[in-house]
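Enquirer: Protein chains in written order, with my numbering: chain E, 1 to 393; chain C, 394 to 786; chain A, 787 to 1166; chain D, 1167 to 1546.
Do not rely on the hints blindly, as some may be mistaken.
List time: in silico EDC-like cross-link candidates among lysine to aspartate or glutamate, alpha-carbon distance up to 20 Å [unchecked claim]:
#1 E/K200 with A/E1132
#2 C/K593 with D/D1380
#3 A/K1053 with E/D150
#4 D/K1197 with C/E601
#5 C/K593 with D/E1225
#6 A/K1053 with E/D147
Note that these hints are calculated values from the structure, not bench results.
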Amino acid sequence: MDIDFSPEDRAFQQEVRAWFKAHTPAELKRKTVTGEMLQKDDIVQWQRRLDTQGWLVTGWPKEHGGPGWTPTQRYIFDLERAAASAPVGLSMGVIMLGPVLVAFGTPEQKAQYLPRIRRCEDWWCQGYSEPGAGSDLASLKTTAVADGDDYILNGSKIWTTYAHWATHMFCLVRTSSTGKKQEGISFLLIEMDRAGIEVKPIVSIDGEHHLNQVFLTDVRVPRKNLVGREGQGWDIAKYLLTHERTSIAGVADCKAHLANLYTAAGERRSGGRPLAEDGAMRLKLARAEIELMALEYTNFRVLADTATGKAPGPESSLLKTMGTAVQQTLSELDVEIAAEMAWPWHEGGELGHGRYAHAMPRYCFSRAATIYGGSDEVQKNVLAKMLLAGGAR
Amino acid sequence: MDIDFSPEDRAFQQEVRAWFKAHTPAELKRKTVTGEMLQKDDIVQWQRRLDTQGWLVTGWPKEHGGPGWTPTQRYIFDLERAAASAPVGLSMGVIMLGPVLVAFGTPEQKAQYLPRIRRCEDWWCQGYSEPGAGSDLASLKTTAVADGDDYILNGSKIWTTYAHWATHMFCLVRTSSTGKKQEGISFLLIEMDRAGIEVKPIVSIDGEHHLNQVFLTDVRVPRKNLVGREGQGWDIAKYLLTHERTSIAGVADCKAHLANLYTAAGERRSGGRPLAEDGAMRLKLARAEIELMALEYTNFRVLADTATGKAPGPESSLLKTMGTAVQQTLSELDVEIAAEMAWPWHEGGELGHGRYAHAMPRYCFSRAATIYGGSDEVQKNVLAKMLLAGGAR
Amino acid sequence: MNFDLSEEQTMLRDAAQKFLRAEYGFDARNKIAASEPGMSREHWRRFGEFGWLGVALPEADGGFGGGIVETIQVAEALGAALVAEPYLASTVLGAQAVARAGNPAQRSTWLPGLASGELILSLAHTEVDARHDLAHVQTRATAKGGGWVLSGRKSGVLGAPWADGFVVVARTSGAVNERRGISLFLVGARTPGVQVAGYKVYDGSRAGDLRLDDVVLGEGALLGTEGEGQALLEHLIDLGIVAACADALGAMGALLRKTGEYVSTRKQFDVPIASFQVIQHRLVDMFAAVEATRSLVLMAALHAEHLDAAVRSRTVSAAKAAIGERARFVAQQAVQLHGGVGMTEELDIGHYFRRLTLFCNLFGSSDHHLQRFAALRAAT
Amino acid sequence: MNFDLSEEQTMLRDAAQKFLRAEYGFDARNKIAASEPGMSREHWRRFGEFGWLGVALPEADGGFGGGIVETIQVAEALGAALVAEPYLASTVLGAQAVARAGNPAQRSTWLPGLASGELILSLAHTEVDARHDLAHVQTRATAKGGGWVLSGRKSGVLGAPWADGFVVVARTSGAVNERRGISLFLVGARTPGVQVAGYKVYDGSRAGDLRLDDVVLGEGALLGTEGEGQALLEHLIDLGIVAACADALGAMGALLRKTGEYVSTRKQFDVPIASFQVIQHRLVDMFAAVEATRSLVLMAALHAEHLDAAVRSRTVSAAKAAIGERARFVAQQAVQLHGGVGMTEELDIGHYFRRLTLFCNLFGSSDHHLQRFAALRAAT
């Protein structure tokens, strides 16, 4: 048991660090530090840059363009990326759909979609939630009725992030309404330009347009767009939830965020003296830092388990709960440190409240972290089930 | 709306303050400050002293020996009593049974029991909980079967405080097992020297003997010992829970406790300097004090509502939840301030760890506050029911 | 001791609630906040007609002779309705400054207009390096030719774009952190050298930064005694905190009610989510937070004019510290229990959330007031 | 990076758990704690035979050449079994003092006996006015005739009544709060002038206060370099904290398991109370606390020998601060979810509760370590 990187890992770290230092655009850095929302073009350009370097689809297998890194290398990469104030900047296609297609897709689907995701030629959004199916996702009602070689879709998806940027949507639909409700769900790929699709913007409480409602009215989708078997959709969704465990905790970005908070507290004054010297602020920052350390080492432990081949379990629920708590605490601290510098609605950025201009929207949007992807309450239900079944480590 | 006492109230305050200053025995003061458990004799002697002054049964109506004070006077009395480090020192008879008999007792029961309670000739314990009936009190199983002029009791009561000191027990028994389970419960008075009663001590985690299990085997009790009607027991118990609302929050004793904590933090040293000057300790004491202020003013508001004749409601649940949280916080602080001075098992008091000798047992026993008399979880169930019925103020 | 409202106080509270419910619904409010001025002068004048703006001003000045207890009745109602108009900025901070320190000329210039809603007066005290240290004042006022010349910067001035004038806190002597040497000045918004950089705030109101470059003022601009303004400023901020806490109470009460209604109707897993015990207990925790807040607002109001300034400030800080934590909790949980829809701009929940978030750090965070409370222990 | 235990470490952990479950059940443990000595010398020697007591001592001194990672395997098992014997006091604090600073004579006198369980050696560093400030030392050692004379008082000496000797922290020069001038001495328990006022502790162990009146020691009593003991003392306490955290982890894990079992069987309202969602989520919060504790123990252990003392201490303080809060929470909730029976001396729950309560303030409270962590930020 030791905490040190091997000489190879240290060399890798130097390489990654140097690359990010040289290649991260200043504008992206600024947005990452202040928490300003990235635009589609920001992300596409950045992903293409990473892909050119071979560092975009780090979670994909080598045969599909992944770099073939060890878990430690992926950890180092993420750490250096965040420390350089480079955005995660990963689209749903890279994080979510890629691994699904790798695991469940037909050879044709892999060939058709994976390269286009890597090159950012397609932009995928995720159609899971529905107005009546949030925490109770399995009760979703959007129907896909087989009709010859097609499905005909009717229903509505909500909280669909960046649907207004998307060329495609992967979604869960109901192909059967008999039996257990989970078993009637299928995983389907849809081109957004098909007839009968309407995207309605939802402005969130950060004042930004991330989210949408997507209405599907008699939308025809070829049956070859089905991923996996009919009725396998729920298992695919669950696979995804437990699959991408390195990133769920968000350790690297939290560390960068915390470093920014310490900088901000050093810059902001209270009675003319650095706020960082204020007794209560010191304790608050210390508490946040220590919670982040607990998260980091819990993440390490889960990674170590994964490396030794243990089956993915409810750790993802634990990491999500711990991780979102830390993220929300840090965003809260942004607003507290900023005080009146955080007041101006961010359209008014010309006032030069610089570092603090996006503290409020970032904090506001951070509240979604305990709602989407399975609310905090649902994660705890999952963990309770495991605990009471005697599955605690 | 104003916060000032009237001249009459101020005069009353001076009178009470002077009396407690002159009459509180030093030994009782010491025990109150350190949190040492009072013995039966401590309480009996002290209650008799208060009764001589006419200040024992302050919650009883004047005709039964109460002083006829206004709510403000009762508040002042309690404040001064606690500030003088005089113990509450009230037995179950005074706090619980007295008001029940006043409201539900027959003239004979009142004449027989009330004067003896006042003069501390009888010691009453409360027989509510059973091994299988804790939070779900209404599921109690001790049966009282009518047999001529008697009931015959069988069952067991648990967590019976000071049953080993008691001459009498008032208890809830099941007189019927048909219909709603609450409706089969009756309120019965029992002499502890009756045949078939066995008291088994339970030592609690403070190392003291407060609690007992009481076994009842074919115990004969005359039917005239029934209070109220058969089947009215549950209503009587509920009446008691909401009746004694001035004391449930424990504001006066918490204020005295907090003052002792400030004194202790001023005496204890850290690196040679008073612990009270330590940054984190100051914040912790400040937080506790402010929570106590919130409790005090919530208590004031409930008292004001009571004074204007509003029906007793679920405020008692709110006050209990808030009050026990403050009490537990203060007891926790005792232990933290004491540090290694709190280590010695209190039998070893000769070591002279004086003020801190009972910090640990007091803290340990404080944990019961959120368990007995309706656990914190049950109180919140009660409040939720009210809130969802639209009964929030 | 007496904790009951008088009949007049009860009427004031009920009337405010009734009017706002009828005329200041969420849609109407959003139209006002989104309009170019960002407030409704018409509503403001009606608030004046109802007596809300002069409620704590002396009758001789066109007011109704009430005090802080009346003020918090109005403030709570305004918070519950998400009102954007500058009640805190002008009616509490601005008008009370003049009411407490103004000479006859200053009173007659400002108070009747403030009471009627014709005028708006903001307090400009914060500076960017001061944070919540009221004695840290770099803005300087120099005596010149019988009048004064002001120069400096102020940040976070509530209601700034709407203000007809400012009560500007400036230093006439002393070092930058000294309590003595602080003076208050009445400065017309259109005085040469005054520049307002206004902005829309996340709670829908407006505020701004102030730039004062060699602003020449007459002798009559000095409010109160030269160099002795600190005590008044501290009292004003304490009053502002009490009013802000009452506003927060209104918002928290509204969130509790709305969240209770939502969880009773929203179904998941085929049942209303209110049937989940975890949701029920969360609601109870929100309820307890609101009740404690009501108690603490009462406590603070009852001490707002305490003759011992240390007792007053300590009690006010206690309230602000504890209410801040509770406001954050209630706001966060209201969004959480609403789930996705709680995150949308369309629903009022998020607007209450933002209003309470700003409240948490207004006039100092909970930690700031916890430390002030602890420091004032020695003084009381 | 590598987070796996070696095969030997795994065996050590499993063997300790297995032995303690079989031979150190709750009843057996209570008998030991209630006995006149309050510990079992027989068990202690068996711990020695198993290698637990020498696990972190060099092989040359009769140990097994392991380190802190081995130590925490044993400590966690001991905490889970509520073991009363002085593992922390003697095996970690006492033995490590000699192992790190002892000369050949001191090593051969103490280490083989400590490893085998024949000897017990306690660290006496706390003084009543020092609290957790390790540099605050009033006990004085004066050079005299080639040896030393010690006078002073020590409080809260773990395992004191059992100790064959003490590592006493005394000041040979410098002012009372100075880091320089602190020296460590090996003092036999039966040396004239040494008085131990022992007592039973609330966790069932024993401790005591030490009175040193003109205790005359030979030259060979000085452990390490005169006046330079502070760095060693700080390292010892850091090691002690890591071991204590592992002990707490054992206790917390046991409480989580036992509470899970209890709520699954205890029925109220005709159903197991585990069917209440509030109980379920509380259990999850306890689980999260235990998992975080395990992570933090690991983190602290991996930094326990870090070459930069500031990094080491900062990491250890982070763990102690966070684990303290979690230990309190798990202990309190275990009692709460057990209800009445959790409050009884008869059940083991309350014993874990007391052990964890004492842990919270051992070597400094969470707040103490939070402040130390913040202060060390500048140094790292």
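Enquirer: Can you name, in rising order, the numbers of the hints this structure does not satisfy?
Expert: Hints 2, 3, 5, 6 contradicted; others consistent.
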